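S.K.: Those protein sequence lines, which keep their order, are chains A and B.
Every position in the first sequence, counted from 1, becomes a number in the numbering used here once 93 is added.
Every position in the second sequence, counted from 1, becomes a number in the numbering used here once 5 is added.
Be a bit skeptical, because a hint or two may be false.
To be verified - Here are the simulated lysine to any residue pairs, SDA-like style, with alpha carbons at most 25 Å apart: (1) B:Lys104 / A:Phe158; (2) B:Lys104 / A:Phe190; (3) B:Lys75 / A:Tyr195; (4) B:Lys104 / A:Arg134; (5) B:Lys31 / A:Glu196; (6) B:Lys104 / A:Met132; (7) B:Lys31 / A:Glu137; (8) A:Lys117 / B:Leu51; (9) A:Lys171 / B:Lys104; (10) A:Lys161 / B:Arg46; (11) B:Lys104 / A:Tyr195; (12) B:Lys74 / A:Gly135; (13) A:Lys117 / B:Gly45; (14) B:Lys31 / B:Leu51; (15) B:Lys61 / A:Phe190; (16) B:Lys31 / A:Asp150; (17) A:Lys161 / A:Phe190; (18) B:Lys104 / A:Met133; (19) A:Lys161 / A:Thr106; (20) B:Lys104 / A:Asn143; (21) A:Lys171 / A:Gln130; (22) B:Lys104 / A:Leu189; (23) B:Lys75 / A:Glu137; (24) B:Lys104 / A:Val146; (25) B:Lys104 / A:Ser159; (26) B:Lys104 / A:Ala160; (27) B:Lys74 / A:Tyr195; (28) B:Lys104 / B:Ser56; (29) B:Lys31 / B:Asn57; (30) B:Lys104 / B:Ser78.
Unchecked claim - Output of the computed footprint for chain B on chain A, the stretches with three or more beta carbons under 8 Å from beta carbons of chain B: (31) 133 to 144; (32) 198 to 208.
To be verified - Below, a sample of chain A positions facing chain B; criterion: calculated Cβ distance under 8 Å: (33) Asp149; (34) Phe184; (35) Ser194.
Calculated from the structure, these hints are not laboratory results.
The structure displayed is predicted, hence computed values, not measured ones.
Glycine residues also receive a C-beta, built at the ideal position from the N, C-alpha and C atoms.
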Amino acid sequence: DAGVIQSPRHEVTEMGQEVTLRCKPISGHNSLFWYRQTMMRGLELLIYFNNNVPIDDSGMPEDRFSAKMPNASFSTLKIQPSEPRDSAVYFCASSLFGGPSYEQYFGPGTRLTVT
Amino acid sequence: SQQGEEDPQALSIQEGENATMNCSYKTSINNLQWYRQNSGRGLVHLILIRSNEREKHSGRLRVTLDTSKKSSSLLITASRAADTASYFCATDARENTDKLIFGTGTRLQVFP
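Looking at chain A on its own, in the form it has when it is part of the complex:
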């Protein structure tokens, strides 16, 4: 198995631009998580899905952030418009069973820089 796949690995964009991050979870996994990691705030859970349905998006910082999971093999995290404070590493993770009480498999992350 290729593991969790994220693209792009690096993204540099200007303030105000739309950014779309992509994730392909491990085949057969039912849960998908989006995290953001910064030096100041550590690793934060933004949103997670069970069986393609968003369960908890309380970690999404504001309306500029949105996430979708149109099918079991693909999810996107969109920021529109982007701001410099959105600069961070964004991780996608998946797990076999629903809920966070099970081992999560992380992708390599997308390093986002907003100038």
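Position chain B against the provided structure of chain A, taking the given hints into account.
M.R.: The following block gives chain B in isolation, referenced to the frame of chain A:
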């Protein structure tokens, strides 16, 4: 807000020495997990210990859990340079089992 807080924030040791990292949390849990993150990489799951377990081993890793003190420790024995990474504890919370909340991490540097 973060459930887990690791201690120390940073740790430097020589190869062959043991490394001990501690994690404290605030609310009752169902289980606690430890993850490793190499620089520039995603997190990798190391071990999961349930609230009714007190100790668990996996290779050179030993994890203990003290629910009365709301704390856990990760011991890496006979450390290697390849163990250099950040280590995070993560917990769910009985009051809110929907989320896995990560601590602040311990940066471990193992010198050859």
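S.K.: The structure should be examined with respect to each hint, and the outcome stated for every one.
M.R.: Hints and how they fare:
A hinted pair counts as satisfied when its Cα atoms are at most 25 Å apart, and Lys104 of chain B with Phe158 of chain A qualifies at roughly 19 Å. For the given pair, Lys104 of chain B sits about 13 Å from Phe190 of chain A by alpha-carbon distance, which is consistent with the 25 Å threshold. Between Lys75 of chain B and Tyr195 of chain A the alpha-carbon distance is near 20 Å, which keeps this suggested pair within the 25 Å criterion. The straight-line distance between the Cα atoms of Lys104 of chain B and Arg134 of chain A is roughly 17 Å, inside the 25 Å bound, and the hint therefore holds.
Distance restraint check for Lys31 of chain B and Glu196 of chain A: the Cα-Cα separation of roughly 21 Å lies within the 25 Å cut-off, and the hinted pair is therefore satisfied. With a C-alpha separation of about 21 Å, the suggested pair Lys104 of chain B and Met132 of chain A falls inside the 25 Å cut-off, and the hint holds. Using a Cα cut-off of 25 Å, the hinted pair Lys31 of chain B and Glu137 of chain A holds, with the two alpha carbons roughly 17 Å apart. For the proposed pair Lys117 of chain A and Leu51 of chain B, the alpha carbon gap of about 22 Å is at most 25 Å, so the pair holds.
Between the alpha carbons of Lys171 of chain A and Lys104 of chain B the distance comes to roughly 21 Å, so the proposed pair stays at or under 25 Å and holds. Between Lys161 of chain A and Arg46 of chain B the CA atoms are separated by roughly 24 Å; this keeps the pair inside 25 Å, and the hint holds. With a C-alpha separation of about 11 Å, the suggested pair Lys104 of chain B and Tyr195 of chain A falls inside the 25 Å cut-off, and the hint holds. Taking the CA atoms of Lys74 of chain B and Gly135 of chain A, the gap is about 24 Å. The hint holds against a cut of 25 Å.
Straight-line distance between C-alpha atoms of Lys117 of chain A and Gly45 of chain B comes to about 19 Å, which keeps the hinted pair within the 25 Å bound. The straight-line distance between the Cα atoms of Lys31 of chain B and Leu51 of chain B is roughly 22 Å, inside the 25 Å bound, and the hint therefore holds. Restraint check: the Cα-Cα separation between Lys61 of chain B and Phe190 of chain A comes to about 22 Å, which is no more than 25 Å; the hinted pair holds. This hinted pair checks out: Lys31 of chain B and Asp150 of chain A have alpha carbons roughly 22 Å apart, not beyond 25 Å.
Between Lys161 of chain A and Phe190 of chain A the CA atoms are separated by roughly 19 Å; this keeps the pair inside 25 Å, and the hint holds. This hinted pair checks out: Lys104 of chain B and Met133 of chain A have alpha carbons roughly 21 Å apart, not beyond 25 Å. Distance check on the hinted pair: Lys161 of chain A and Thr106 of chain A sit about 21 Å apart at the alpha-carbon level, within 25 Å; holds. Annotation: proposed proximity of Lys104 of chain B to Asn143 of chain A holds, straight-line Cα distance about 12 Å (limit 25 Å).
In summary, the hint linking Lys171 of chain A to Gln130 of chain A is supported, as the alpha carbons are separated by about 16 Å, within the 25 Å threshold. Simply put, Lys104 of chain B and Leu189 of chain A have alpha-carbon atoms about 15 Å apart, close enough for the 25 Å limit, and the pair holds. In summary, the hint linking Lys75 of chain B to Glu137 of chain A is supported, as the alpha carbons are separated by about 21 Å, within the 25 Å threshold. With a C-alpha separation of about 15 Å, the suggested pair Lys104 of chain B and Val146 of chain A falls inside the 25 Å cut-off, and the hint holds.
Proximity of Lys104 of chain B to Ser159 of chain A is assessed by CA-CA distance (about 19 Å); at most 25 Å being required, the pair is judged to hold. Distance hint between Lys104 of chain B and Ala160 of chain A is fulfilled; the C-alpha atoms sit about 17 Å from each other, no more than 25 Å. At roughly 23 Å between alpha-carbon atoms, Lys74 of chain B and Tyr195 of chain A fall within 25 Å of each other, so this suggested pair holds. For the hint pairing Lys104 of chain B with Ser56 of chain B, the CA-to-CA distance comes to about 16 Å; that is within 25 Å, so the pair holds.
Pair hint Lys31 of chain B plus Asn57 of chain B holds up; C-alpha atoms about 17 Å apart against a cutoff of 25 Å. With a CA separation close to 21 Å, the supplied pair Lys104 of chain B and Ser78 of chain B stays within the 25 Å bound. With 4 residues bearing a CB less than 8 Å from a CB of chain B, the region 133 to 144 of chain A meets the requirement of three and the coverage assertion stands. By the rule of at least three residues with a Cβ nearer than 8 Å to a Cβ of chain B, the coverage given for the region 198 to 208 of chain A holds, with 5 such residues.
At about 5 Å, the closest approach between the beta carbon of Asp149 of chain A and any beta carbon in chain B falls short of 8 Å, and the interface hint on this residue holds. Hint status for Phe184 of chain A: holds, given a least beta-carbon distance of 6 Å to chain B, under 8 Å. Given the 8 Å rule on beta carbons, the hint for Ser194 of chain A holds: about 5 Å separates it from the nearest Cβ of chain B.
The structure agrees with every numbered hint stated previously.
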